[in-house]
Structures are given as structure tokens and as C-alpha cells.
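Peer 1: Sequence:
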Amino acid sequence: MAADEPQLTRGALALAKNAAKKAKKHSGGTPATVALTAAGTPFTLHAYDHDPATPSYGEEAAEALGVSPDRVFKTLVADVDGALTVAVVPVAGRLDLKALAAAVGGKRAAMADPTAAERTTGYVRGGISPLGQRRLLPTVVDASASEHETVCVSAGRRGLEVELSPTDLVALTSATLSRIARV
Numbered sequence: 001m002a003a004d005e006p007q008l009t010r011g012a013l014a015l016a017k018n019a020a021k022k023a024k025k026h027s028g029g030t031p032a033t034v035a036l037t038a039a040g041t042p043f044t045l046h047a048y049d050h051d052p053a054t055p056s057y058g059e060e061a062a063e064a065l066g067v068s069p070d071r072v073f074k075t076l077v078a079d080v081d082g083a084l085t086v087a088v089v090p091v092a093g094r095l096d097l098k099a100l101a102a103a104v105g106g107k108r109a110a111m112a113d114p115t116a117a118e119r120t121t122g123y124v125r126g127g128i129s130p131l132g133q134r135r136l137l138p139t140v141v142d143a144s145a146s147e148h149e150t151v152c153v154s155a156g157r158r159g160l161e162v163e164l165s166p167t168d169l170v171a172l173t174s175a176t177l178s179r180i181a182r183v
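For the sequence shown, the working numbering begins at 1 and goes up steadily by one.
Calculated directly from the structure, the hints in this document are not laboratory data.
From the three backbone atoms N, C-alpha and C, an ideal C-beta is built for every residue, glycine too.
Check before you lean on any hint, since a few could be wrong.
Unchecked claim - So the derived label-pair ranges between C-beta atoms look like this:
| no. | residue 1 | residue 2 | range |
| --- | --- | --- | --- |
| 1 | Val124 | Leu45 | 15 to 21 Å |
| 2 | Ser174 | Ala53 | 34 to 40 Å |
| 3 | Glu149 | Arg119 | 18 to 24 Å |
Work the whole structure out from these sequences, hints included.
Peer 2: See below:
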């Protein structure tokens with residue numbers, strides 16, 4: 001480092017990191033939208049009024065956005081042979097746990113404990129996004145996503161969806177495409 005270049009002390013570095021966190025928080029961004037923006041991925045954000053009493057967050061999103069339920073995908077976290085795994089399936093369908101296990105080379109799958117899913121992804125249930133999770137988990141996107149020009153997934157909080165191409169979704173999550181949904 002040259003003598004005339006400024007050096008950040010630990011305190012100054014901590015202040016800079018805190019300022020960045022505050023800027024992100026005040027910008028209204030979620031980890032999902034921050035990840036999309038950082039990657040330069042084109043997306044459209046859709047906000048709607050969320051009803052906490054709704055029995056199905058995904059169906060609520062499809063209805064509020066006026067989008068077919070086979071284009072709106074829900075993010076589910078499962079336990080496959082002891083490892084948390086993300087499944088992204090259309091809200092019009094159900095996750096086939098056997099197909100998910102097979103897609104990741106596992107034998108047995110069950111839905112993950114909701115607390116573990118929230119803690120690991122950094123999102124609350126009903127707002128778990130496949131994008132921008134705290135820890136990159138193995139992810140499988142139902143192959144039906146590739147039948148659409150764009151799909152919608154949670155943007156990281158209830159009442160907020162992000163629309164993007166399925167190709168970008170798969171690339172950003174390092175996902176595999178496989179038939180893991182039942183209609």
C-alpha cells in the first residue's frame with residue numbers, strides 16, 4: 001500500500017460496514033433483491049397487500065398479481081437425508097418428496113422444521129425466497145418453470161414477489177431442474 005493511500009482503522013471499517021447495512025435496510029431491499037441487483041439480473045418487483053389470515057401465501061400472490069398459479073412458485077425447505085434442501089414448485093402443485101430426494105441423489109425427504117428453515121435461509125415462513133439466502137442450499141426448481149418466459153417467486157417477505165426468467169432463477173441459485181411437483 002502506498003504511503004499516501006488512506007488506511008481504514010478497525011473502527012472506521014466497522015462504521016463503513018454499518019453504514020452499508022443501514023443503506024440496504026433503508027432502501028427497502030431484501031437480500032433477494034440485493035442479490036438480483038448485484039448480479040445485474042433483470043427482474044420486476046410486485047408488491048401487494050398481504051392478508052396474514054390467508055391459508056395459502058402462494059395462491060394469495062397469484063390472485064393479487066393476476067398471474068396464473070402455475071407461473072407463481074413457492075419456496076419450500078425440506079430435509080433430504082439430514083441436509084436442508086430448497087424446492088421451488090408452482091403454487092398450483094404440491095412437492096413430491098420422493099422426486100426431490102431422487103433429484104439430489106438422496107433416499108428420503110421430509111419437510112424441514114420451520115424454525116430451522118427460517119434460521120438457515122434468513123427469511124420468515126411465507127416469505128422464504130430461493131434468492132439471497134444466508135447460506136446457499138442445494139436447490140431444485142420444478143422443470144415446469146422452463147415452460148414460462150417468466151416466473152414469480154418470493155422476494156423475501158410476505159406481500160412481495162419478484163418476476164424473473166426461469167433461466168436466471170436457476171443460474172442464481174445454482175439449481176437443478178427436475179420434475180418435483182405433483183398437480
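Peer 1: Evaluate each hint against the coordinates.
Peer 2: Against the structure, the hints:
Range check, valine 124 to leucine 45: about 18 Å between beta-carbon atoms, so the 15 to 21 Å window is met. A beta carbon spacing of about 36 Å between serine 174 and alanine 53 agrees with the range 34 to 40 Å that was offered as a hint. In this structure, glutamate 149 and arginine 119 break the distance hint of 18 to 24 Å, their C-beta atoms being roughly 35 Å apart.
Checked against the numbered hints above, the structure violates only hint 3.
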